[in-house]
Amino acid sequence: MSTAPEQTPAVSVVGVSKKWAAVSAFTDVSFDVPQGEVVALLGPSGAGKSTLLRCVNHLETISAGRIYVHGDLIGYRLGDQALYELSDAEISRQRQKIGMVFQHFNLFKHMTALQNVMSGPVHVLQRPKAQATALAMDLLDKVGLKAKADAYPSELSGGQQQRVAIARALAMQPRVLLLDEPTSALDPELAQEVVETIRKLAEEGQTMLIATHDMGIARDVADRVIFMEGGRIAEDARSKDFFTAPKSDRAR
Amino acid sequence: MAMTDRLSAPELPIVHRRRWGAWLLGAVALVVVVTIVHAAIRARIVNLGVFADYIFDPLIVMGAVNALMLGTLALFIATIIGFIAALMRVSGNPILVAISATYVYLFRGTPMLIQLIFWFNAVPIMFPSITISLPFMAEPLVSTPTTSLVTPFLAALAGLSLAEGAYMSEIIRAGILAVDKGQRAAATALGMTQRQVLAQVVIPQAGRIIIPAAGNQYIMLLKSSSLASAIGYLELLRVATDIYSSNFQVVELLAVAAFWYLVMTAFATAIQTVLEKVFPQR
Numbered sequence: 001m002s003t004a005p006e007q008t009p010a011v012s013v014v015g016v017s018k019k020w021a022a023v024s025a026f027t028d029v030s031f032d033v034p035q036g037e038v039v040a041l042l043g044p045s046g047a048g049k050s051t052l053l054r055c056v057n058h059l060e061t062i063s064a065g066r067i068y069v070h071g072d073l074i075g076y077r078l079g080d081q082a083l084y085e086l087s088d089a090e091i092s093r094q095r096q097k098i099g100m101v102f103q104h105f106n107l108f109k110h111m112t113a114l115q116n117v118m119s120g121p122v123h124v125l126q127r128p129k130a131q132a133t134a135l136a137m138d139l140l141d142k143v144g145l146k147a148k149a150d151a152y153p154s155e156l157s158g159g160q161q162q163r164v165a166i167a168r169a170l171a172m173q174p175r176v177l178l179l180d181e182p183t184s185a186l187d188p189e190l191a192q193e194v195v196e197t198i199r200k201l202a203e204e205g206q207t208m209l210i211a212t213h214d215m216g217i218a219r220d221v222a223d224r225v226i227f228m229e230g231g232r233i234a235e236d237a238r239s240k241d242f243f244t245a246p247k248s249d250r251a252r
Numbered sequence: 001m002a003m004t005d006r007l008s009a010p011e012l013p014i015v016h017r018r019r020w021g022a023w024l025l026g027a028v029a030l031v032v033v034v035t036i037v038h039a040a041i042r043a044r045i046v047n048l049g050v051f052a053d054y055i056f057d058p059l060i061v062m063g064a065v066n067a068l069m070l071g072t073l074a075l076f077i078a079t080i081i082g083f084i085a086a087l088m089r090v091s092g093n094p095i096l097v098a099i100s101a102t103y104v105y106l107f108r109g110t111p112m113l114i115q116l117i118f119w120f121n122a123v124p125i126m127f128p129s130i131t132i133s134l135p136f137m138a139e140p141l142v143s144t145p146t147t148s149l150v151t152p153f154l155a156a157l158a159g160l161s162l163a164e165g166a167y168m169s170e171i172i173r174a175g176i177l178a179v180d181k182g183q184r185a186a187a188t189a190l191g192m193t194q195r196q197v198l199a200q201v202v203i204p205q206a207g208r209i210i211i212p213a214a215g216n217q218y219i220m221l222l223k224s225s226s227l228a229s230a231i232g233y234l235e236l237l238r239v240a241t242d243i244y245s246s247n248f249q250v251v252e253l254l255a256v257a258a259f260w261y262l263v264m265t266a267f268a269t270a271i272q273t274v275l276e277k278v279f280p281q282r
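Quick note, the sequences are listed as chains Z and G, same order. No gaps in the numbering here: position 229 of the first sequence is 229 in the UniProt record's numbering, and each next residue is one more. No gaps in the numbering here: position 227 of the second sequence is 227 in the UniProt record's numbering, and each next residue is one more.
Among the hints, a few may not be true.
[What the hints assert, rightly or not] To be clear about the criterion: a stretch of chain G counts as covered by chain Z if any three or more of its residues have a C-beta under 8 Å from a C-beta of chain Z, and this derived list gives those stretches:
| id | region |
| --- | --- |
| 1 | 180 to 187 |
| 2 | 193 to 200 |
| 3 | 203 to 210 |
[As the list claims (entries may be wrong)] Straight line, CA to CA, 30 Å or less: simulated BS3-like cross-link-like pairs of lysine-lysine:
| id | chain 1 | residue 1 | chain 2 | residue 2 |
| --- | --- | --- | --- | --- |
| 4 | Z | Lys-19 | Z | Lys-97 |
| 5 | Z | Lys-146 | Z | Lys-200 |
| 6 | Z | Lys-109 | Z | Lys-146 |
| 7 | Z | Lys-148 | Z | Lys-129 |
| 8 | Z | Lys-240 | Z | Lys-200 |
| 9 | Z | Lys-109 | Z | Lys-200 |
| 10 | Z | Lys-129 | Z | Lys-97 |
| 11 | G | Lys-223 | G | Lys-277 |
| 12 | Z | Lys-200 | Z | Lys-142 |
| 13 | G | Lys-181 | Z | Lys-142 |
| 14 | G | Lys-223 | Z | Lys-129 |
| 15 | Z | Lys-146 | G | Lys-181 |
| 16 | Z | Lys-142 | Z | Lys-19 |
| 17 | Z | Lys-200 | Z | Lys-148 |
| 18 | Z | Lys-148 | Z | Lys-109 |
| 19 | Z | Lys-19 | G | Lys-181 |
| 20 | G | Lys-223 | Z | Lys-148 |
| 21 | Z | Lys-129 | G | Lys-277 |
| 22 | Z | Lys-142 | Z | Lys-97 |
| 23 | Z | Lys-146 | Z | Lys-129 |
| 24 | G | Lys-181 | Z | Lys-109 |
| 25 | G | Lys-181 | Z | Lys-97 |
| 26 | Z | Lys-97 | Z | Lys-109 |
| 27 | Z | Lys-142 | Z | Lys-129 |
| 28 | G | Lys-223 | Z | Lys-146 |
| 29 | Z | Lys-200 | Z | Lys-129 |
| 30 | Z | Lys-148 | G | Lys-181 |
| 31 | Z | Lys-109 | G | Lys-223 |
| 32 | G | Lys-181 | G | Lys-277 |
| 33 | Z | Lys-97 | Z | Lys-200 |
| 34 | Z | Lys-146 | Z | Lys-97 |
| 35 | Z | Lys-148 | Z | Lys-97 |
Don't read these hints as lab results, they were simulated from the structure. The C-beta atom is built at its ideal place from N, Cα and C for all residues, glycine as well.
Input sequences plus hints: build the corresponding full structure.
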């Protein structure tokens with residue numbers, strides 16, 4: 001199943017289903033993301049990509065199956081009879097190592113770019129302010145926004161906001177980064193600067209799981225494509241194979 | 001004139017239309033105001049001498065200070081009550097939601113004056129004496145009839161805080177709901193506990209949203225403190241009433257009281273303006 005059996009996969013999704021009262025988001029989905037791999041989750045709107053991503057850090061609960069991140073069972077404790085949901089504090093601790101980037105950036109509006117990037121280290125990891133500031137400035141520099149450190153989100157373009165959001169997620173030094181449609185809310189030109197940032201992370205070996213409609217990300221940045229349709233995985237292939245010879249009808 | 005003439009005409013100044021209607025209305029309004037003020041002055045409804053005599057009267061100033069204290073303390077307590085009630089209301093727990101909704105309905109749905117008089121009279125009946133005792137001691141530490149504790153001030157403070165808390169809970173709830181869900185999701189995804197999400201993201205943002213509405217409520221409360229005159233608390237209106245019932249200078253003393261209420265309102269407005277500057281919405 002795993003490409004590198006001696007290594008724990010960064011993310012392991014095992015037979016996971018998610019359904020609400022009447023509707024089912026996806027059923028019996030399984031895949032592994034090895035460390036350092038970049039996986040693009042493709043598929044039509046409503047295929048369950050975003051919901052699946054939100055299950056990986058337990059922003060959404062799951063209905064069946066198990067999700068592991070670096071070997072840790074996410075959101076639940078394995079009991080004799082059932083999986084018991086963990087406490088708020090325990091789940092929060094698990095989320096510290098799982099970064100997330102949102103379609104609408106979700107930068108904290110009342111904080112500057114710098115404060116946004118510092119918020120995780122300071123409030124979650126209780127790091128000293130000086131240390132967090134230095135780290136945050138480095139990260140802002142890395143996404144090319146050192147000059148905007150004191151700007152509020154409302155003063156930044158969408159592309160700039162998304163790059164700050166990526167820096168905010170990186171400040172927690174996540175083992176895996178989940179990106180939920182990171183370019184969907186941006187016009188092509190601004191999307192491009194975000195794609196470049198993501199590509200840089202990919203080259204550094206950051207493990208990423210990206211739900212996207214952006215073919216540029218799927219083709220040029222991702223190592224592998226998982227194509228979801230109707231709540232199931234329709235195709236799971238290396239990125240270049242997927243784009244040269246797709247097997248499923250819909251992907252074609 | 002032919003079209004070509006118009007096009008070839010030299011640079012002409014541009015004249016915008018005059019808003020004659022608006023000017024006319026303004027003039028009419030001004031005449032009405034001047035007529036009313038003139039009539040009031042001619043009728044000498046306020047004897048300015050008497051007004052000046054009482055404006056800095058120590059009793060009046062004390063009454064104004066008492067009103068300001070009562071209104072301000074009530075706002076603080078109401079904010080705490082309102083915050084708790086709002087959190088209960090958005091908790092999703094049906095029992096907490098029902099308790100909070102019932103509280104808001106009862107206390108928003110009855111006149112403040114009734115509530116004030118009610119607490120002043122009902123609490124001593126419900127709890128005739130207040131006893132604080134320590135274990136392993138035969139005699140209680142403190143035992144006193146409640147009527148000696150429920151002063152007009154405490155009854156007024158409790159009444160105003162509880163009534164205002166119902167309004168504040170709705171304002172705070174609206175503020176919490178106005179914080180984008182994505183903000184909470186982002187904070188949660190960073191690894192913040194629910195308490196941290198509340199402290200770092202929801203309260204700072206909701207707080208900014210509710211400042212104008214809370215400022216409004218503060219002004220209302222400062223004026224509602226006059227209701228405490230009904231249960232004998234020596235606030236501004238009560239003091240003014242006591243004075244004019246002996247010297248019959250009713251209009252002058254009401255004008256004096258009104259003046260101090262305006263000063264308080266200016267004070268509240270200034271605080272609101274400063275808060276909005278320090279905590280701007282982004």
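Structure-based check of all given hints:
no. : hint                    : verdict
1   : 180 to 187              : holds (count 6)
2   : 193 to 200              : holds (count 4)
3   : 203 to 210              : holds (count 3)
4   : Lys-19(Z) - Lys-97(Z)   : 26 Å, holds
5   : Lys-146(Z) - Lys-200(Z) : 17 Å, holds
6   : Lys-109(Z) - Lys-146(Z) : 18 Å, holds
7   : Lys-148(Z) - Lys-129(Z) : 19 Å, holds
8   : Lys-240(Z) - Lys-200(Z) : 19 Å, holds
9   : Lys-109(Z) - Lys-200(Z) : 27 Å, holds
10  : Lys-129(Z) - Lys-97(Z)  : 20 Å, holds
11  : Lys-223(G) - Lys-277(G) : 25 Å, holds
12  : Lys-200(Z) - Lys-142(Z) : 9 Å, holds
13  : Lys-181(G) - Lys-142(Z) : 28 Å, holds
14  : Lys-223(G) - Lys-129(Z) : 45 Å, violated
15  : Lys-146(Z) - Lys-181(G) : 28 Å, holds
16  : Lys-142(Z) - Lys-19(Z)  : 39 Å, violated
17  : Lys-200(Z) - Lys-148(Z) : 20 Å, holds
18  : Lys-148(Z) - Lys-109(Z) : 15 Å, holds
19  : Lys-19(Z) - Lys-181(G)  : 21 Å, holds
20  : Lys-223(G) - Lys-148(Z) : 46 Å, violated
21  : Lys-129(Z) - Lys-277(G) : 26 Å, holds
22  : Lys-142(Z) - Lys-97(Z)  : 20 Å, holds
23  : Lys-146(Z) - Lys-129(Z) : 18 Å, holds
24  : Lys-181(G) - Lys-109(Z) : 12 Å, holds
25  : Lys-181(G) - Lys-97(Z)  : 22 Å, holds
26  : Lys-97(Z) - Lys-109(Z)  : 23 Å, holds
27  : Lys-142(Z) - Lys-129(Z) : 20 Å, holds
28  : Lys-223(G) - Lys-146(Z) : 51 Å, violated
29  : Lys-200(Z) - Lys-129(Z) : 27 Å, holds
30  : Lys-148(Z) - Lys-181(G) : 25 Å, holds
31  : Lys-109(Z) - Lys-223(G) : 35 Å, violated
32  : Lys-181(G) - Lys-277(G) : 25 Å, holds
33  : Lys-97(Z) - Lys-200(Z)  : 20 Å, holds
34  : Lys-146(Z) - Lys-97(Z)  : 24 Å, holds
35  : Lys-148(Z) - Lys-97(Z)  : 26 Å, holds
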